[in-house]
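Put together the whole structure using the sequences plus the hints.
With UniProt numbering applied, the sequence shown corresponds to residues 1 to 91, in that order.
Take the hints with a grain of salt, since some may be wrong.
Said to hold, decoys possible - Taking lysine to any residue and the SDA-like style, the derived pairs with C-alpha atoms no more than 25 Å apart in a straight line are:
no.	residue 1	residue 2
1	K77	S67
2	K73	E31
3	K73	V27
4	K77	L49
5	K73	E89
6	K77	Q9
7	K73	F7
8	K73	E90
9	K77	S20
10	K77	F88
Claimed, not checked - Label pairs and their in silico Cβ distance ranges:
no.	residue 1	residue 2	range
11	F88	V21	17 to 27 Å
12	S54	E12	30 to 40 Å
13	E59	I14	24 to 34 Å
14	E90	T39	12 to 22 Å
15	G80	E59	24 to 34 Å
16	Y79	D48	13 to 23 Å
17	R52	N25	17 to 27 Å
18	E59	G11	34 to 44 Å
19	E66	F32	11 to 21 Å
20	N28	K77	21 to 31 Å
21	E12	E59	32 to 42 Å
22	D42	I69	14 to 24 Å
23	E59	N28	16 to 26 Å
If you're looking for bench data, these hints aren't it; they were derived computationally from the structure. Even for Gly, the Cβ is constructed at its ideal location relative to N, Cα and C.
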Amino acid sequence: MTGHSGFAQEGEDIVCAGISVLAINTVNSIEFLTKQQFTLNDDEISGDLEMRFSSPAQEDTALLIESMILGLKMIRKQYGNNYITLMFEEV
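Spelled out as structure tokens, the structure:
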């Protein structure tokens with residue numbers, strides 16, 4: 001995840017807030033509800049968030065990620081492509 005949505009000014013941007021809640025909740029859920037090992041790099045200023053797994057995603061982790069993606073798609077559907085872009089790549 002990178003950047004800010006630009007929907008509204010900082011502190012009033014509900015799109016950015018929704019995206020942030022989904023991402024942070026997913027990270028916390030993976031940390032506390034699964035045994036998945038990962039590293040996390042984040043930068044509050046730029047809005048960057050990068051999560052890397054040390055092994056392929058376990059089934060429960062994959063479900064949590066799919067849930068986050070669903071939420072992000074619903075935000076994009078509600079507010080449009082101008083404020084959220086989803087890109088998927090396998091690494």
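Structure-based check of each hint:
no., hint, result
1, K77 to S67, "holds, 15 Å"
2, K73 to E31, "holds, 23 Å"
3, K73 to V27, "holds, 18 Å"
4, K77 to L49, "holds, 22 Å"
5, K73 to E89, "holds, 16 Å"
6, K77 to Q9, "holds, 21 Å"
7, K73 to F7, "holds, 16 Å"
8, K73 to E90, "holds, 19 Å"
9, K77 to S20, "holds, 17 Å"
10, K77 to F88, "holds, 17 Å"
11, F88 to V21: 17 to 27 Å, "holds, 21 Å"
12, S54 to E12: 30 to 40 Å, "holds, 38 Å"
13, E59 to I14: 24 to 34 Å, "holds, 32 Å"
14, E90 to T39: 12 to 22 Å, "holds, 18 Å"
15, G80 to E59: 24 to 34 Å, "holds, 33 Å"
16, Y79 to D48: 13 to 23 Å, "holds, 21 Å"
17, R52 to N25: 17 to 27 Å, "holds, 19 Å"
18, E59 to G11: 34 to 44 Å, "holds, 38 Å"
19, E66 to F32: 11 to 21 Å, "holds, 18 Å"
20, N28 to K77: 21 to 31 Å, "holds, 25 Å"
21, E12 to E59: 32 to 42 Å, "holds, 38 Å"
22, D42 to I69: 14 to 24 Å, "holds, 19 Å"
23, E59 to N28: 16 to 26 Å, "holds, 19 Å"
When each numbered hint is compared with the structure, no violation occurs for any of them.
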